[in-house]
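Visitor: For reference, the chains in residue letters:
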Amino acid sequence: MTGTTYLRAITATLAEAMRADPRVLVIGEDVAEGGPWGATAGLAEEFGAERVRNTPISEAAICGIAIGAAQSGLRPVVEIMFVDFVTLALDQLVNQAAKAHFMSGGQLRVPMVLRTQGGAGQRGGAQHSQSLEAWLTHVPGLKVVMPSTAADAAGLLASAIADDNPVVYVENKTLYFRSEEVEPTGPVPLGRAQVVRSGRDVTVVALSRLVHESLAATEELAAEGIEVEVIDPRTLVPLDLDAIVESVARTHRLVVAHEAVKHGGFGAEIAALVQAAAFDELDAPIARVGAPFTPIPFSPPLEDAYLPGKDDVRAAVLSLLGR
Amino acid sequence: MNGQLDDGLGAELLRTMWRIRAFEERVGRLTRANEVHGLVHLSAGQEAVAAGVCGQLRDDDAVYSGHRAHGHAIAKGAPLARVLAELMGRDGGLCRGLGGSMHLVDVEHGFLGATGVVGGNVPLALGSALAGRLQGGDRVAVVFFGDGAVQGGIFVESVNLATLWGLPVILVCENNGFAEFTPRSAHTNVERVSDVVAPYGIERETVDGNDVGAVRNAFARFLAAARAGGGPALLECLTVRLRGHYEGDPQLYREALAAEEWQRLDPILRLQRRGLEEGWLDADGPERLEQEARDEVEEAVRVARESPFPPASVAAELVYAP
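If you're matching them up, the sequences are chains C and H in order. Under my numbering, the first residue of the first sequence is numbered 312, with each subsequent residue one higher. Under my numbering, the first residue of the second sequence is numbered -5, with each subsequent residue one higher.
One chain only, chain H, in its complex shape (with noise of 0.2 Å):
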């Protein structure tokens, strides 16, 4: 474990990761009653990346993610309800209901969006990286994307041109070892991510993802460099994707986890263990956590719920922008 978390970090942490895990379990089971449509992939057992990195970042830097981005989104500060709500196809949605679980999007935060195409926003987060940079001040775009991203064209012209502009772009790698279905040592020899870019000069470093202080650590010296006008980074988070790639994935490719090694590598357990050994968590931290952030997914799913479907006109009223 990295990093001091007390003085409060820790538990805002903490909260942030159970309100991502508490989202993502509800909206599995609102996925099978059929109240969530579409296509849902859950970032359950991921949260300390997104809670590491999003928790250190502003309203004004821009965080791009892919298909997998509940997470990203809620770290960043998209409210619960409105996240739902999309998910929801309602109008009450971040977007209206007009984008869904993989096109997530909350300017006012800075969550400038997800995508369903995998790797598809890499370039959007260098350009406005550009935009940070020739508008000056120091803000910086931070873009999330799964292994499976890193094997397309789009992401070794975007590494190149990061480096090569010198742009304020950290680009963090949720390496969850599968690519949709496949595991990584099925689709390329190359094992870690960092490796892949290290030609290119950027700075680098591959973490063990379910640890949140080492997340952290690795981002803030990212974010520090980029804000003082530095260059690129690259941020290889090693985690583990707790659900099937979609809900409704039967998972016939890979074995179940071991209860007990879940336990070990849990991302909230974990941090719990170490708020406990180092005292700035109490006895009752846990369980008081998680049902905060229960109630509070619970009142979002209300506050969804009420929230009617968007008028037929919405569509054509937003093709374009007037």
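The following block holds chain C by itself, in its conformation from the complex (with noise of 0.2 Å):
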């Protein structure tokens, strides 16, 4: 076991991917200076400014290079540096890098990664602060990943890496400087959900950030005798349903959490999906925690109170119960 945190996991893998590969290569604005957090500090003295391209801000063009680049024999990690502006690369990810291979028969492959960070809190505004993961599930040829913890932000990357697809990597800005005790475990295979608490009485499936407010729930709630099941899907395209149904099949509850708002968020599609693999296994409703239908405030306590957290996945589960 070793002390690391969400952060230096990512940088870790960074840099082992390059050692290990002369095709991987990081572009992205700011990145040989570290970006605003420091997830690729280092990089640049280690392995040269061809291999880790500061670039202008350029999100359409940076994003369409890394395109070009894996069609073309490399393995780029590109960052866009919060999610807010995949807008501006939204043509290259949906038109061009997500339908790639599928348009071509099968020619073309794209093993790009674009490592973007998203996530309220830190009082950036409504421009600086979003989840947006849901819009890159809808394109099929996309996969969408989305790392709550040190070790799955080291280990998704590592398979984000050796994958042949294009595979949007989503980390959470409030998660960077979280310690934790590591055991290396190595690639985790993107479609493979954890379960992260067992429990009885109901299941969460929880979103990045929201597994451990869903953690901090469950400890309230097992000291009033009631048992939480919390399943971090980690991987939202390739979806491991199989282990959500599973859960569901044990508890007949499930409370589905994540900060993007609620309304078309992706909880409403696990929601779709469990409902119709396991209709017979519920016994409630599904419940789903998010943030409501409004940009994302500035004023502090504003946001605090828009943020989706530990209490209202609280409440979700008691109301699942009856209580």
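No false leads were slipped in.
Pair ranges (Cβ atoms, derived):
id: 1; chain 1: C; residue 1: Phe604; chain 2: H; residue 2: Arg221; range: 54 to 64 Å
id: 2; chain 1: C; residue 1: Pro347; chain 2: H; residue 2: Gln245; range: 48 to 58 Å
id: 3; chain 1: H; residue 1: Val308; chain 2: C; residue 2: Gly497; range: 33 to 43 Å
id: 4; chain 1: C; residue 1: Thr398; chain 2: H; residue 2: Val184; range: 20 to 30 Å
id: 5; chain 1: H; residue 1: Pro244; chain 2: C; residue 2: Arg503; range: 53 to 63 Å
id: 6; chain 1: C; residue 1: Gly359; chain 2: H; residue 2: Arg52; range: 22 to 32 Å
id: 7; chain 1: C; residue 1: Thr398; chain 2: H; residue 2: Asp289; range: 44 to 54 Å
id: 8; chain 1: H; residue 1: Ala253; chain 2: C; residue 2: Ala360; range: 49 to 59 Å
id: 9; chain 1: H; residue 1: Arg296; chain 2: C; residue 2: His574; range: 48 to 58 Å
id: 10; chain 1: H; residue 1: Val308; chain 2: C; residue 2: His574; range: 29 to 39 Å
id: 11; chain 1: H; residue 1: Leu33; chain 2: C; residue 2: Asp475; range: 28 to 38 Å
id: 12; chain 1: C; residue 1: Phe604; chain 2: H; residue 2: Leu33; range: 30 to 40 Å
id: 13; chain 1: H; residue 1: Asp53; chain 2: C; residue 2: Pro495; range: 36 to 46 Å
No lab work stands behind these hints: they were computed from the structure. All C-beta atoms, glycine included, are put in the ideal place defined by N, C-alpha and C.
Relying on the hints, combine the two individually framed chains into one complex.
Guide: Following this line, the structure appears as structure tokens:
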């Protein structure tokens, strides 16, 4: 066991991938300086400016260059500094990257990773705090990954870099400096959920930061005699639906929790899939925890009230139990 | 007219141009017969650009193109029957019928792909050029686009990065004076695309794009520089779109080109006149080359028609690479 953080796990995994494979390169704004949090710190010193490429503030071209480089034999990891700015690269991601393998009848491959980060709670306002992963899960051809722990940040990034498809890897800025004791596990396969806590009464499927909020809620609930099972899907596309259904078949109650706006969020997809696969197992309607249908307010007390957290998970669990 | 075209080069260029012209005319008819499907944008009239550029490239040089891409794919080496089968949505198409006219790809011949999003794959060519340089060797990347693409932000982002990084990519603009239905004068105050990029210090030239010799010479200069470790270049080819924006376009926005005017501009007729004058084309040459191309296209039609539609299962199988 060694102590690390989510952020250091990302940096170390990038460095390991670059050491192991000369085709891996990092492209993005300020990456040679480490970026705003230091996710790429030290890479330029070790691998040089050719493989750690600082770019202008040109999200669309950066993403397009990564796609073209991937189609011609490299394995780029491109960084979009905030997921909010993925909007500027959506043609590249949705029309150029996601469909290339399909539209070419299987001739082209796009082995690239788009690293980005989302999440509110740091007073960034409505254009630097969003959770936009649901948009990307709607596009066939993209894989979408959201690690919640340092171990998964490392393991999922290693798998994403090794994958021959465009993978969007969404970090959460509030998790970067969370300390963790990590057992080195190697790559975490894409599409495999993890049962983070076992419990018999209610299943909570939580994404990214909400995994930790859900675990905090379960500690309180356990003291009241309610045992909650927490599942982290880790990968949204492909989704490990079997793991969720298997859990629901034991608990018969499901809460889906994420920070993104609840309306049209990925929780709706999970709810729809579970009711179709396991309707007879459900003893209560599926509950969703997510943000309200407003942009993220700047004013600190308003942002705090906006953010879904452990109290929302707790309330959802209790409501399913009729309490 | 520019450059030496004897020793078979002129005849080879004519052959390529006739293959594209005959293909495009046949595709127009097949579209009206509902054998070719969807949104079809023909490159008839612009053949000199495809022939002058692609004829100098190797299979390991990457070419990207836009929605008017048939000629570029053919000039880069894509087999006619497989291009046509793709336009017909057949399993034997370049992309097994999953791409269509606007999304042709032929990796074997280095045609890495067309896009239906105007300007959308300009940065992909930069990425391919970057890969080439980092991998060593002297391969280059080329991207074709129309003058309409130049007004998009992605174009400016790409020119900036290509020059900043000194990438071996050649941007080839086919300026046919129309962005879809709208003349250039109605969507920008900058007449020449080569002027748009001037502040970036990129090597650039505007040529008569219906003069295949001029296209070839200018491109050869840029290609040699890129192969030798040089940076990007922009080649603007002034040309004429003979057909509408798409097949079925009533073209209410422009006057039809007078036949005698087209006789003067047609890049194929111009090259044939030159060949006859310079003596590298005999009197029977034009008719023979045209007929050979039309016969080859008819054979492609026959082969493409025999190809079945793809099995329904292919769509789900090709969403992700294994």
